[in-house]
Amino acid sequence: MTALPVRRAHVPFQVVAPVVVAAWLVAWFVNLPLANWAAYDLLGLERGSHVGDAVAFFLLDVPKVLLLLLGIMTVVSFLRSYFPPERMRAALAGRGTLPATVGAAAFGVVTPFCSCSAVPLFIGFVEAGIPLGVTFAFLISSPMVNEVALVLLWGLFGPGIALLYMGAGLAVAIIGGLVLGRLPLEKWIEPWVLAVRAGGGATSLDLRLSVEQRMRDAWTSTKDLVRRVLLYVIIGIGIGAFIHGFVPMELIAQIGGRDNPFAVPIVVAIAIPLYSNAAGTIPIVEALLGKGLPLGTTLAFMMAIVAISLPEFVILRRVMSLRLIAVFGGVVVAGILAVGFLFNALGL
Amino acid sequence: MKIVEVLGPGCNNCKRLEAVAREAVAIAGVEAEIRHVTDYAEIVAHGVMSTPGLVIDGKVVSVGRIPSANDIAGWLTTA
Numbered sequence: 000m001t002a003l004p005v006r007r008a009h010v011p012f013q014v015v016a017p018v019v020v021a022a023w024l025v026a027w028f029v030n031l032p033l034a035n036w037a038a039y040d041l042l043g044l045e046r047g048s049h050v051g052d053a054v055a056f057f058l059l060d061v062p063k064v065l066l067l068l069l070g071i072m073t074v075v076s077f078l079r080s081y082f083p084p085e086r087m088r089a090a091l092a093g094r095g096t097l098p099a100t101v102g103a104a105a106f107g108v109v110t111p112f113c114s115c116s117a118v119p120l121f122i123g124f125v126e127a128g129i130p131l132g133v134t135f136a137f138l139i140s141s142p143m144v145n146e147v148a149l150v151l152l153w154g155l156f157g158p159g160i161a162l163l164y165m166g167a168g169l170a171v172a173i174i175g176g177l178v179l180g181r182l183p184l185e186k187w188i189e190p191w192v193l194a195v196r197a198g199g200g201a202t203s204l205d206l207r208l209s210v211e212q213r214m215r216d217a218w219t220s221t222k223d224l225v226r227r228v229l230l231y232v233i234i235g236i237g238i239g240a241f242i243h244g245f246v247p248m249e250l251i252a253q254i255g256g257r258d259n260p261f262a263v264p265i266v267v268a269i270a271i272p273l274y275s276n277a278a279g280t281i282p283i284v285e286a287l288l289g290k291g292l293p294l295g296t297t298l299a300f301m302m303a304i305v306a307i308s309l310p311e312f313v314i315l316r317r318v319m320s321l322r323l324i325a326v327f328g329g330v331v332v333a334g335i336l337a338v339g340f341l342f343n344a345l346g347l
Numbered sequence: 000m001k002i003v004e005v006l007g008p009g010c011n012n013c014k015r016l017e018a019v020a021r022e023a024v025a026i027a028g029v030e031a032e033i034r035h036v037t038d039y040a041e042i043v044a045h046g047v048m049s050t051p052g053l054v055i056d057g058k059v060v061s062v063g064r065i066p067s068a069n070d071i072a073g074w075l076t077t078a
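Chains as they are written, first to last, in numbering that gives the first Met the number 0: chain B, 0 to 347; chain D, 0 to 78.
No lab work stands behind these hints, which were simulated from the structure alone.
All residues carry an ideal CB built from backbone N, CA and C; glycine is no exception.
Please note that a few of the clues may not be correct.
Partner residues are not named here, just some residues of chain B that face chain D (Cβ under 10 Å, in silico) [to be verified]: (1) P83; (2) R257; (3) D258; (4) P260; (5) G346.
One-sided excerpt, in silico: chain D residues whose CB lies under 10 Å from chain B [as the list claims (entries may be wrong)]: (6) I2; (7) L6; (8) G7; (9) C13; (10) E30; (11) A31; (12) M48; (13) T50; (14) P66.
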């Protein structure tokens, strides 16, 4: 075996990791004083003024969101690499409906998944005899309790709201999966899916990856993600900053307040075309929540943005009829509306 | 002559993997044909549930990730 040419010097991982972690922590802690100093001292804007508050919000949030995405997302992607879909399928096959549905929803949080894998995954599940309701529980929870959303919610709002969001998302996925599992949906699957015979060639591949390979993958995919969403993040924070500085609380309370029964359906309708811009939308949500938008309305907005994906529906059309997609979408929307109304009614 | 197949419906990662695979063929200096498989039935027939997948001479070597060009070149020369 010939040695392959190494194209760049390799600094050992044990050296890089502590330096990166230290730099990240320093950046995280100087961010707030630095943003305030830049807005109020360097630019000389007045504290409490519309422009001053908006600029400070922007200067604080851009580095904060980027740090969260670059740092925490790398760690999260690394951990997720230990839960590939093949492992999930092995864990779910042959279990009872309830444990399998709960399990599939939980795997949705940790299993790395992009909508372009939706079809192979769907077929792989059908082949293994996993009930449709269980598969749907995964397809609901995977984008909804998505890692970008959770990381940003945790970083910007704290663990309380992040965990609340996760709990609500899992509940929608489990209940949605159980409801869909009770319906006779098999006849709405495209016939060719049932005829496909899957091979077993890829089943144990993930076990071969070393820790360093997983780290490298995590960093590569995170860089890729940040490059893809950067523009949306900056636009989103810009809008958030405008809301934070200029939109009066009374306006938000009037339009989106708890007394307006249409607020939840309206935000869900607005959210549907915003798919895939979760990273850009959360700063807007942050500003709205700060202006007193009720929590239920806010959570419903977030969930609808990440969970209802028109591109994914187009992809799923390859394996299921339009009717089945409509039923699936309808159940998800109903679940999101229920979360919105419930949390608003509880007055959280 | 090696047959390298990139399994994926045409998303960004699949295109990236195809480019990396070309780079790997150049590094390894082997003769290889690169095919991009977009047909779902064929992807699933390899037992792949997360794309992109990489197949060399009919054997699945990687799923759900983009290996480095050096890694792929290693598989090309040893397999």
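Inset, instruction - Go through the hint on B/P260 and say holds or violated, using the shortest Cβ distance to chain D against 10 Å. - result: violated (40 Å)
Legend entry - Supplied contact hint for D/M48, tested at 10 Å Cβ to chain B: Interface hint status for D/M48: holds (4 Å vs cutoff 10 Å).
Inset, instruction - May I ask you to test the interface hint for B/P83 with respect to chain D, counting a Cβ-Cβ separation under 10 Å as satisfied? - result: Since the shortest Cβ distance to chain D is 6 Å, the answer is holds.
Inset, instruction - Grab the minimum C-beta distance from D/T50 to chain B and call the hint holds if it beats 10 Å, violated otherwise. - result: holds (5 Å)
Legend entry - Hint check, B/D258 versus chain D [nearest Cβ-Cβ separation less than 10 Å]: Constraint on B/D258 not satisfied, violated at 44 Å.
Legend entry - D/C13 as an interface hint toward chain B, with CB separation required under 10 Å: Given a least distance of 7 Å, the restraint on D/C13 holds.
Inset, instruction - Classify the hint on D/G7 as holds or violated, based on whether any CB of chain B lies nearer than 10 Å to its CB. - result: holds (7 Å)
Legend entry - Hinted contact D/L6 with chain B - closest CB pair below 10 Å: For D/L6, the interface hint holds, since the closest Cβ of chain B sits about 8 Å away, which is under 10 Å.
Inset, instruction - Answer holds if the nearest beta-carbon of chain D is closer than 10 Å to that of B/G346; otherwise answer violated. - result: violated (42 Å)
Legend entry - Supplied contact hint for D/P66, tested at 10 Å Cβ to chain B: holds (8 Å)
Legend entry - Interface hint outcome for D/I2 [beta carbon to chain B under 10 Å]: Result: violated, 15 Å to nearest chain B Cβ.
Legend entry - B/R257 as an interface hint toward chain D, with CB separation required under 10 Å: violated (41 Å)
When the structure is compared with the earlier hints, violations turn up for hints 2, 3, 4, 5, 6, 10, 11 and for no others.
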